[in-house]
Amino acid sequence: MPLPMTNYSIEDLQGISRKLRRHVITMISTAGSGHPGGSLSAADIVTALYFRIMRHDPANPKWPDRDRFILSKGHAAPVLYAALAECGYFPLDWLTTLRKTGTCLQGHTDSTLTPGVDMSAGSLGQGLSVGIGMALAARLDKKDYRTYVMLGDGECQEGQVWEAAMFAPNYKLDNLTAIVDYNGLQLDGFTKQIMDLEPFVEKWRSFKWEVVQIDGHDMRQVVDELQKSAQVKGKPVVIVARTVKGKGVSFMENNVDYHGKAPGKSEIETALRELS
Amino acid sequence: MTDYSELTTREAFGKVLTELGGTDARIVVLDADLSRSTMTKYFAQAYPERFIECGLAEQNMISIAAGLATCGKIPFASTFAVFASSRCFDQVRMSVAQPKTNVKVVSTHGGITVGEDGSSHQAIEDIALYCSLPNFNVVAPADSIETVEAIKAAAATAGPFYVRLGRSKTPVVYTSGCSFKLGKADVLREGKDAAVIATGIMVYKAIEAADTLEKSGIKCRVINMSSLKPVDRKAIEDAAADTGAVVTAEEHLLHGGLGSIVAQVLGSGIPAPLASLGIKDTYCKSGKPEELLEANGLTAGDIADAVKNVLARKR
Numbered sequence: 001m002p003l004p005m006t007n008y009s010i011e012d013l014q015g016i017s018r019k020l021r022r023h024v025i026t027m028i029s030t031a032g033s034g035h036p037g038g039s040l041s042a043a044d045i046v047t048a049l050y051f052r053i054m055r056h057d058p059a060n061p062k063w064p065d066r067d068r069f070i071l072s073k074g075h076a077a078p079v080l081y082a083a084l085a086e087c088g089y090f091p092l093d094w095l096t097t098l099r100k101t102g103t104c105l106q107g108h109t110d111s112t113l114t115p116g117v118d119m120s121a122g123s124l125g126q127g128l129s130v131g132i133g134m135a136l137a138a139r140l141d142k143k144d145y146r147t148y149v150m151l152g153d154g155e156c157q158e159g160q161v162w163e164a165a166m167f168a169p170n171y172k173l174d175n176l177t178a179i180v181d182y183n184g185l186q187l188d189g190f191t192k193q194i195m196d197l198e199p200f201v202e203k204w205r206s207f208k209w210e211v212v213q214i215d216g217h218d219m220r221q222v223v224d225e226l227q228k229s230a231q232v233k234g235k236p237v238v239i240v241a242r243t244v245k246g247k248g249v250s251f252m253e254n255n256v257d258y259h260g261k262a263p264g265k266s267e268i269e270t271a272l273r274e275l276s
Numbered sequence: 001m002t003d004y005s006e007l008t009t010r011e012a013f014g015k016v017l018t019e020l021g022g023t024d025a026r027i028v029v030l031d032a033d034l035s036r037s038t039m040t041k042y043f044a045q046a047y048p049e050r051f052i053e054c055g056l057a058e059q060n061m062i063s064i065a066a067g068l069a070t071c072g073k074i075p076f077a078s079t080f081a082v083f084a085s086s087r088c089f090d091q092v093r094m095s096v097a098q099p100k101t102n103v104k105v106v107s108t109h110g111g112i113t114v115g116e117d118g119s120s121h122q123a124i125e126d127i128a129l130y131c132s133l134p135n136f137n138v139v140a141p142a143d144s145i146e147t148v149e150a151i152k153a154a155a156a157t158a159g160p161f162y163v164r165l166g167r168s169k170t171p172v173v174y175t176s177g178c179s180f181k182l183g184k185a186d187v188l189r190e191g192k193d194a195a196v197i198a199t200g201i202m203v204y205k206a207i208e209a210a211d212t213l214e215k216s217g218i219k220c221r222v223i224n225m226s227s228l229k230p231v232d233r234k235a236i237e238d239a240a241a242d243t244g245a246v247v248t249a250e251e252h253l254l255h256g257g258l259g260s261i262v263a264q265v266l267g268s269g270i271p272a273p274l275a276s277l278g279i280k281d282t283y284c285k286s287g288k289p290e291e292l293l294e295a296n297g298l299t300a301g302d303i304a305d306a307v308k309n310v311l312a313r314k315r
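Chains A and B, in that order, are what the protein sequence lines are.
The numbers in my numbering rise by one with no breaks, and the one at position 164 of the first sequence is 164.
The numbers in my numbering rise by one with no breaks, and the one at position 290 of the second sequence is 290.
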């Protein structure tokens, strides 16, 4: 039976997201490189999508009627791989092959190699446009699947995001939900200092999107607003999710150093303990 | 039935695309505010629900096309060659080439014969850029007849395609039909003294040059290398082995275009004296198409001179 497995409670989902976070730590530390901060900030939303919201079938990754998910911030690949493995798209023991020669789990998402990955990403700013293409295809084929795209806040400095932002409401794409993982940090520092995105909500609203603001770590809110986004008619929805980069690991939280750095040997144990 | 021989390559593209759209509902067309110039307007009129106007946003257009392709559509994305190449190169690389999405990028207004609009609108790097991308097929048809066949092949062959078309009306090379095959060169004239390998609008110039040279007893093999990637290595090697002297001609920078491709094949196979005609590391100016070709050494006379040059270097 295709998912969603709606029998998962909010508490169950919180448990799953902790498990995904533990995978992220193990994967990145085994690989010796990767992007823990943005993977951890996205974990609750990814959990809600794959274990509660989306209609998908791990036994049939190319099922034409599946809901689509594009991780436009492709560097958060570890959390997506963890979710896909926990869903059963591929064996859990693949996770520790992350970034290694010959692996199906590339440093950034690669749709040619990983079952369940709908589009390659890594060069920022393109995923929302790709999602628009999927949403247009659904409309042409009179299919009721929904397309979800997750962007980073730093990613929204890319011009193409705003080309896509202009397009989707003009085409009244109400089968598209964008989620911005607004953790406030990017590689070089705080988004506020590098290139301030504010007023962010107003930007999307002026582009004619339905805009919702949530706490991206409040599982109840995440689930509720993702569900509600599917009910909005006549325009696309963007969920601006306030998150904490490195969420769940004290020394990684709000610490720019863990944008793209693996935890050291002594840190792994602490991180896993905090996430247990 | 449409008489394609009377049309520009872009008009032929617009017409054949509309024809294909009638038999294959998977075909969707995207344009970036240039449908009246790229001639996708014909498709837009016939199948408005499958025509996606993107406005002036080429990057968005390419990634949308990629998304459509992942859902089983056959998207044709069109704009001018300058914009189709450099403006959205990263999108083509990340969303089309690497994931091998079934996107067809068809550009018009390629080369310097765009003319009066000047250097901003003269695509002279597009073939090099697209040929540099793994998984891409790259085609520059010689005339409107071959354009029709190339577009049909693009629609029928899975994977990323780039097709480069022109703006102005050019003489028809294939007056009695054309059987385009991806990855195959077409020998249009036989000859043992030298070989002229040309692509795009330079093919008819090569034929003109061969006709002139024949009058002075020089027989040239003329090869239409419309398929630039994959390239017909054997046709190049045979040309070198059989004639011992090779000239290439293209409406594109010498760097990374047909001249470079042929040099690479000859260098690793059968060396032969080679002269390459193309744009020489410079941007061009506004002017009439024929004047610009003349200013850049791309006339039939220039090809004939180049043939004499390689003949002189032949052992």
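None of these hints come from the bench; they were simulated from the model.
Each hint should be verified, as a subset may be incorrect.
Stated by the list, open to error - Listed below are several chain A residues computed to face chain B (Cβ distance under 7 Å; list not exhaustive):
id, residue
1, Gly32
2, Leu113
3, Val130
4, Ala137
5, Phe200
Quantities reported herein were computed from a predicted structural model and do not represent experimental measurements.
Think of the CB as a built atom: it goes at the ideal place given N, C-alpha and C, for glycine as much as any other residue.
Let me make sure I understand: some of the numbered hints might not hold for this structure. Which ones are they, in numerical order?
1, 2 and 5
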